[in-house]
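Number of protein chains: 2
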Amino acid sequence: MNIEDHNGTTVVRRVGDYKPKPSFSTWLVGRPLQTADSAQQTIGKFIGLAVFSSDAMSSVAYAPQEMLIVLAAAGVAGYGISIPLAIAIVILLAILTLSYEQTIHTYQNGGGAYIVSRDNLGEIPALVAAAALLTDYALTVAVSISSGVAQLVSAAPVLVPYRVLLAVAMVIFIMVVNLRGIKESGSAFAIPSYFFIIMMVLTVGVGLVRYLALGSLGHVIDPPQDLAFDIVQPVTIFLILRAFSSGTTALTGVEAISNGITAFKEPRAKNAGATLIMMACILGSLMLGITFLSHQVGVMPSEEETVISQLARTVFDSRGVFYLAAITSTTVILMMAANTAFAGFPWLAALTAADGYLPRQLTYRGSRLVYSRGIAMLAGVAVLLIIIFQANVTRLIPLYAIGVFLSFTLSQSGMAYRWYKSGRLKPGEEVAERGSKLHHDPHWWVKMVINGLGASVTLVVTLVFAITKFVSGAYIVISLIPVLVLIFLAIHRHYRSVAKVLSLDHYGAPPQISRNRVILTVAGVHRGTLAALRYARTLSNDITAVHVSIDPVEAEKIKQKWETWGDGIRLVILDSPYRLFLEPLLEYIDDIDSQRQMNDIITVVVPQFVTPNLVTNVLHMRTADTLRNVLLNRKGIVINEIPYHLD
Amino acid sequence: MNIEDHNGTTVVRRVGDYKPKPSFSTWLVGRPLQTADSAQQTIGKFIGLAVFSSDAMSSVAYAPQEMLIVLAAAGVAGYGISIPLAIAIVILLAILTLSYEQTIHTYQNGGGAYIVSRDNLGEIPALVAAAALLTDYALTVAVSISSGVAQLVSAAPVLVPYRVLLAVAMVIFIMVVNLRGIKESGSAFAIPSYFFIIMMVLTVGVGLVRYLALGSLGHVIDPPQDLAFDIVQPVTIFLILRAFSSGTTALTGVEAISNGITAFKEPRAKNAGATLIMMACILGSLMLGITFLSHQVGVMPSEEETVISQLARTVFDSRGVFYLAAITSTTVILMMAANTAFAGFPWLAALTAADGYLPRQLTYRGSRLVYSRGIAMLAGVAVLLIIIFQANVTRLIPLYAIGVFLSFTLSQSGMAYRWYKSGRLKPGEEVAERGSKLHHDPHWWVKMVINGLGASVTLVVTLVFAITKFVSGAYIVISLIPVLVLIFLAIHRHYRSVAKVLSLDHYGAPPQISRNRVILTVAGVHRGTLAALRYARTLSNDITAVHVSIDPVEAEKIKQKWETWGDGIRLVILDSPYRLFLEPLLEYIDDIDSQRQMNDIITVVVPQFVTPNLVTNVLHMRTADTLRNVLLNRKGIVINEIPYHLD
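Protein chains in written order, with UniProt numbering: chain E, 1 to 647; chain U, 1 to 647.
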């Protein structure tokens, strides 16, 4: 305990020694953590690559496949186009990597699209970025988990009927893990990430060696035929662009490192930047390798067996140990990709909520120091998506990536504008912004061009995506984002108006209350009523007992008892011909209220039965509860509840 | 307004001139009625027969059919047994009619099984009767409506897939009609009841004339074959008894008149008795006639077409006007039978609730002067039964009638015991009981034998029913009734203990409160807090402001603002390391509570945000609500909620 005295006001400070008790939820989620336990541990490039790249790298598990599914409509002629498309996507990756390198060096405290847009483009673009990202985090979970289940099901087809169930179970598992709070810096991440990288490099490597050097790479044995089209469509520009859009989902997750720069060891910008480049190289190679080999071995895109599964069993010649290792590592990395969304979504939601655009509750950290509400919210939305789209990756893909590319565009435009502003500053001049400090950069022109290029190409991709995927699902996201932005703005308006109403600026101290008119509601004369009467007497000398009478016999009894027990206090009996309870009472209160003077206050004293348990509650009318809820909405009335315990 | 003065206490009496406003529910249910509108209108024998016999007479629509369905298992050999069984049931009806004649003359204010058992057998038998009757009212609705739908579907087979939906819609329709309040004495009842009687007499009459006099009655053309059994069972005693049990469902509803004696014109016992005998004659004739003719024309019991439908189209030679009239009248009478349960159930529930065995709310009459809650409860249970048993009469029948016969047994045993008591009184001696007056009856011995016979035969039927239908569903009712009785007793115990706790007998006036320790919870320092502080100052000089601190920065801000605005009142900051809000506060209150003197009271003042609408509510933490709910359960604490309106 610590007692201080400030300007005549005593302030006592003490630490509650309340320790949460063990319960089912502490067992499930882990023992509660003190706020002071929150620690920061930094990581190097090796672990950093594992932690931040699962989202990006795991997308090679579905991006080539979704590209091939679109091309399948054009038959054999179509498949060949996958290789130039993969090259285009890798070029796009290179541009993005360069752009984000610059973001990382500028926003060393974390430079997500929301922060960059907020600093450089203003409120609406920042909210658009937030809406796009929140939507895409939910889709990341749905797509990654659905793809993970698809891998699992390829290896064990007996599980096909349980796809949706498996996917939901995985989401719940990842939710619980995240509610427990995972150390992002944990080296536990390194093992599955590197396992995946090794298995993919091995698959692609062995495949290339067998194809180029040994010439022993055969074709897929007994490929699935469920997507074979009877009528072959011509190869149109539209088809190519649709396939390209599907392929660009490989680039989702590239921004992850720029959000998490603070997790890196110093010099953090340099380390984070190097990690980004490493990640891009691996991702690009795998994308190219998988697409190339898939074409060579004659993979048939299918909903029954994934491209990775067909490729792996062809490269390793059987469903043996290597095949199983490749599939397992892919499933695990996809689950980890979903997991990164569980870090990103609650963090961004809390950031947006702290700015007043989402309910404040989202900024509150639960017993394990994680944003529990955001985590639960994300899991709920993801489960909903999985159920609606039946854990089908191909049906989810048209919704996915458009938000990512929109946020890329906003983030890169913000950076480009920032360089322009930087160019207009004098050397040595410095301007503080909310997320960073702005100063003159001699190479501002080059940097502006790089980020401008990033912004332009991602804008083009966003438009291509929106147009080619509009009917098959993109329209949902395109219409959802403005709705979300409007909701953010409405919430912000509400909080601002509340703050204004509550503000003490230019506020004189309220005048003293001169008279307290007390109304005591009497349903019957018993010990509970007398306890309330006793309390009412401490409030004021102006007390009126009011009984709403439905049954005249009962009213007569109350009148007689009140004469004995009512302490001489005036009793008003309100006859209610329609057997209503609340309305006549409210009408009476209105009467009193209309005579109220300035600085008068009306207090309604309600004797409140408290029964020992919930079951017995239903045996009582609970009119006190209803009365409270109604009276709370009337101005100038204070409600005093005098509990009377029945046990 | 009316002001009186009694022993120094002013009592003001006024009639609320609040008139309920039109709304969807007043449109649906009708304009509210004043309590004074409740009027009593009496009826003669002609209308009385129509009002009280729909339940009993409508059972000829399913009783013969259910008997035949059981016998169908024994093939052609079985059907013949239906005629002696029908005769046995008619004999049973005669015994019951004699017994109830005596009940009617004794209990001229209404002599349901609950009242008779309560007067003569004690609490537990009365509760068993109540449980049995309440269960059976619900089953009456389910069985009658399901049978009504079956008739409808027989005439219009296209409706077969919508059976359950139709049945649920009918229950809801009858519920709404009853919530509006129907005049039981309305001659509206007479038309459909007499229409049914005429159509049935016509069907049976034409059938008999064609069979006996003209010899022109043929066989059912193209009878349904869905219940044809491949393996024919032998005719066993068990099978016969099962069929008999099914047939006894014809007797449900016979007790209706004894419940409703007060509705009859004076001399009401005589009128009611005569009506009972008339009803028994019609019911008995129809039961015999339908069973006999069904056998002659070769009706095949079926779930697709009812016995009534097969019989009517054979007697009238086609699906013409007479056939349609017969089916329509049967459907309507079955709906009216369900309707009588909607009068009986809420009335019995209110009676039981008034005795303290069911929640008191059931005694409350709604805006239309009907027991709305009982009506809604019955509809809910009936809909549940219809959905569970898929509106299938054959599956519902094993649950039905056992409760009716159990209540017959209790009621008749009560009457028999009553005659025994009457025989032991001296002539002219009179004993007042709750439901009637008991005096010496010179013929007590004869009357005791008659009621004793009624009790014995209904007991035998109850046992036969319980044994033969146990597995197919009776076990549900047999185990439900004792559970219900235990619930009734538990509710009674609760109300008794509450009355004891609240009783003012031997109660001294509570001592004055000597000190009020006020705790003001402070989440932030704003206008709402100051309004609460202003109110707190009227309560006591002993005020402590308490802030539970999750965020130290926030706590520091509050401390500084409090120094300016806190009026010198002590501020306690409770640091909450686990970011819990309630627990540290409760711990603090416990501390204060442990120092509390006799006649001290603790008041917790909670500033309560009130947002203009529900949507904005979710944007606030609503900790005040949670706090209130928790504090209500702690003794010796009063909660003052100071609303602060944000609009």
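I should point out that these hints are in silico values taken from the structure, not numbers from a laboratory. There could be a bad hint or two in this list.
For identical chains, the list gives no copy identity; a pair is met inside one copy or between any two copies.
[As the list claims (entries may be wrong)] Distance condition first, Cα-Cα at most 25 Å in a straight line; then the derived BS3-like pairs of lysine-lysine:
no.: 1; residue 1: 557; residue 2: 265
no.: 2; residue 1: 559; residue 2: 500
no.: 3; residue 1: 270; residue 2: 45
no.: 4; residue 1: 45; residue 2: 557
no.: 5; residue 1: 500; residue 2: 561
no.: 6; residue 1: 635; residue 2: 426
no.: 7; residue 1: 500; residue 2: 557
no.: 8; residue 1: 45; residue 2: 21
Owing to the predicted nature of the structure, the values given are computational and were not obtained by experimental measurement.
List of violated hint numbers, smallest to largest: Structure breaks hints 1, 4, 6 and 8.
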